[in-house]
Structure formats: C-alpha cells, structure tokens
Amino acid sequence: MPLPSLGRKKDGRHREPAREQQEAAPDHELENYLAALSPEGDVETTGSGRRFGNAQVYQLRLSLTANEQLRELAAMHQTSPLALAQEWITQRLAWESQNNQQNHY
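The C-terminal residue of the sequence shown carries number 105 in full-length UniProt numbering, and the numbering is unbroken.
Derived CB-CB ranges, DEER-like:
1) His104 x Glu68: 33 to 41 Å
2) Glu68 x Glu31: 36 to 44 Å
3) Leu62 x His28: 37 to 45 Å
4) Gln101 x Asn32: 43 to 51 Å
5) Gln91 x Asn67: 18 to 26 Å
6) Gln98 x Pro26: 45 to 53 Å
7) Ala83 x His28: 30 to 38 Å
8) Ala66 x Ala35: 36 to 44 Å
9) Asn32 x Ser63: 36 to 44 Å
10) Gln91 x Asn54: 14 to 22 Å
Treat the hints as calculated values from the structure; they're not laboratory data. Cβ atoms here follow ideal geometry from the backbone N, Cα and C, with glycine treated the same way.
Sequences are here, hints too, so could you generate the full structure?
This is the structure we're talking about:
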C-alpha cells in the first residue's frame with residue numbers, strides 16, 4: 001500500500017509552502033463585499049439556516065418521488081421547483097393564519 005505524499009508532489013519534489021499559504025489566505029475583498037450586502041447591525045441566526053438580508057434560508061429534503069413530482073409540476077407551471085415550493089409555503093402560511101384568526105372568534 002503506498003504511503004501518503006506528506007507535502008511532496010507526484011514527481012517527488014516538495015510543494016512550495018508560500019503558494020499554499022497564499023491560496024489558504026482569507027479573501028478580504030470578498031469579505032468586504034459580503035459585509036456591504038449584509039443588513040445594518042448584526043442579524044442573529046438560529047442555526048436552522050442562514051440569513052441573507054431579511055430572508056431566512058431553510059434546507060428542505062424531499063423523497064425522490066416527491067422531488068420528481070415537484071419537478072414535473074413546476075415544469076407544467078413553467079416555473080422552477082424552488083419558486084413553486086416557495087409559493088405553496090407562502091399560500092399555506094396565509095391560509096393557516098386566516099384559519100387561526102377565524103377560530104379565535
């Protein structure tokens with residue numbers, strides 16, 4: 001079984017450490033750009049997703065069957081699966097909110 005290269009290239013020469021450090025250095029230009037895009041002040045996150053402006057990002061896992069159904073329906077509606085799912089969730093939230101208000105009277 002071959003041993004790992006331990007810092008050597010395949011031709012046996014050692015890698016240049018300065019180049020590796022340069023590649024691993026943080027991109028301050030990118031950090032400044034992203035900071036300029038972020039809202040004023042610190043926005044707290046809950047760990048369930050990331051924030052971009054005032055939007056919360058959620059990861060949604062679907063079964064293969066559900067994913068295929070979503071893709072097919074989105075194609076029929078000439079939209080993306082993401083846009084269709086967002087529309088459905090927004091509609092359902094409005095419906096739930098309206099239903100809760102009616103139940104309180």
